[in-house]
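For any residue, its number in the working numbering is found by taking its place in the sequence shown, counting from 1, and adding 14.
Keep in mind that a hint or two might mislead.
No farther apart than 30 Å at their CA atoms in a straight line, the calculated lysine-lysine pairs in the DSSO-like style are these [claimed, not checked]:
(1) Lys-66 to Lys-40
(2) Lys-134 to Lys-17
(3) Lys-195 to Lys-17
(4) Lys-140 to Lys-40
(5) Lys-17 to Lys-66
(6) Lys-40 to Lys-192
(7) Lys-192 to Lys-17
(8) Lys-17 to Lys-40
(9) Lys-134 to Lys-195
(10) Lys-192 to Lys-66
(11) Lys-66 to Lys-195
(12) Lys-140 to Lys-66
(13) Lys-140 to Lys-195
(14) Lys-66 to Lys-134
(15) Lys-140 to Lys-192
(16) Lys-140 to Lys-17
(17) Lys-134 to Lys-192
(18) Lys-195 to Lys-40
Quick list of simulated restraints, FRET-style, between CB atoms [to be verified]:
(19) Trp-29 to Ile-148: 20 to 28 Å
(20) Arg-186 to Ala-116: 23 to 31 Å
(21) Glu-112 to Glu-147: 30 to 38 Å
(22) Gly-86 to Pro-115: 16 to 24 Å
(23) Pro-122 to Asp-45: 25 to 33 Å
(24) Ile-190 to Ile-148: 18 to 26 Å
Calculated directly from the structure, the hints in this document are not laboratory data.
The C-beta atom is built at its ideal place from N, Cα and C for all residues, glycine as well.
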Amino acid sequence: MEKLLLTGFQAFGNWRVNPTEEVASKLASCDIGSWSVSSVILPVTFSHCWPKLLAELQSCDYSAVVMLGLAGSRNLITPEATARNWVESVGRPDNLGEEMPAGPILMPGEDLPSTFGAEKMVAAMKQRGIGAEISHDAGSFVCNYLSYQLLNYLAGEGRGGFIHLPPTREMRPDSIWKQSKLIEAVELCIGQIELSGL
């Protein structure tokens, strides 16, 4: 089996928990489709999230990376089609209190497409009755920053991309999502990632 790395984030801002942390932890050491899954939980900090992920990538020969993040205002599961070469977090500090001024993440650089088959993931979730849609805007906070760094590092080699998850009903009263359904959805998404072309 090929190795896949699944990442989650720690809690941040006003959120006491982050559902991506539990999803990544629950699916660690699982075999899903053609993939043997490992996981790592990342800090919600601009200065530490990418170095920690990069160190993990360099410690093992992963063929795919799926990053998870919380989108507090979204109601659907949203695989990201692209990572934007843009960061802007003035007024939205990370967990170390750092704010990033508006500007490109890397110079020079264009927006980068995900390479893990976002369309297939959405189709599979919809077929199972799980609310999902493609997103073309991963924001300008730590999630998009990390996604861009990873896709730039992969440079088209291997599979990689970012999935935003909505809050659970314990986190936001109007949410329809149970934690167990988020785990099911991410497991389904991983199962859609193809080995071909690696």
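Hints versus structure:
Between Lys-66 and Lys-40, the direct Cα distance comes to roughly 20 Å. Compliance with the 30 Å bound is thereby established for this hinted pair. Under the criterion of a C-alpha separation no larger than 30 Å, the hint pairing Lys-134 with Lys-17 is consistent with the structure, at around 20 Å. Pair hint Lys-195 plus Lys-17 holds up; C-alpha atoms about 24 Å apart against a cutoff of 30 Å. Straight-line distance between C-alpha atoms of Lys-140 and Lys-40 comes to about 23 Å, which keeps the hinted pair within the 30 Å bound.
For a cut-off of 30 Å, the pair hint linking Lys-17 to Lys-66 stands: about 18 Å separates their Cα positions. Note on Lys-40 and Lys-192: the hinted pairing holds, with a Cα-Cα distance of about 14 Å set against a maximum of 30 Å. Proposed proximity of Lys-192 and Lys-17 is supported: the alpha carbons are some 28 Å apart, at most 30 Å. In summary, the hint linking Lys-17 to Lys-40 is supported, as the alpha carbons are separated by about 16 Å, within the 30 Å threshold.
Proposed proximity of Lys-134 and Lys-195 is supported: the alpha carbons are some 18 Å apart, at most 30 Å. As the CA atoms of Lys-192 and Lys-66 are separated by approximately 29 Å, the hinted pair is consistent with the 30 Å bound. Simply put, Lys-66 and Lys-195 have alpha-carbon atoms about 28 Å apart, close enough for the 30 Å limit, and the pair holds. Taken as a hint, the Lys-140 and Lys-66 pair is broken in the structure, with Cα atoms around 33 Å apart against an allowance of 30 Å.
Our distance criterion of 30 Å between C-alpha atoms is met by Lys-140 and Lys-195, whose separation comes to about 13 Å. Proposed proximity of Lys-66 and Lys-134 is supported: the alpha carbons are some 29 Å apart, at most 30 Å. Between Lys-140 and Lys-192, the direct Cα distance comes to roughly 17 Å. Compliance with the 30 Å bound is thereby established for this hinted pair. Among the hinted pairs, Lys-140 with Lys-17 is consistent with the structure: their alpha-carbon atoms are about 26 Å apart, no more than 30 Å.
Between Lys-134 and Lys-192 the CA atoms are separated by roughly 23 Å; this keeps the pair inside 30 Å, and the hint holds. At most 30 Å may separate the alpha-carbon atoms for a hinted pair to count; Lys-195 and Lys-40 meet this at roughly 12 Å. Trp-29 and Ile-148 have their C-beta atoms about 24 Å apart, which keeps the hinted 20 to 28 Å range intact. For Arg-186 and Ala-116, the hinted distance range of 23 to 31 Å is satisfied, since their beta carbons lie about 28 Å from each other.
Look at Glu-112 against Glu-147: about 31 Å separates their beta carbons, and that is inside 30 to 38 Å. The supplied range of 16 to 24 Å is met by Gly-86 and Pro-115, whose beta-carbon atoms lie about 23 Å from each other. Taken as a hint, the range 25 to 33 Å is violated for the pair Pro-122 and Asp-45, whose Cβ atoms sit roughly 40 Å apart. A C-beta distance of roughly 20 Å is found between Ile-190 and Ile-148, which places it inside the suggested range of 18 to 26 Å.
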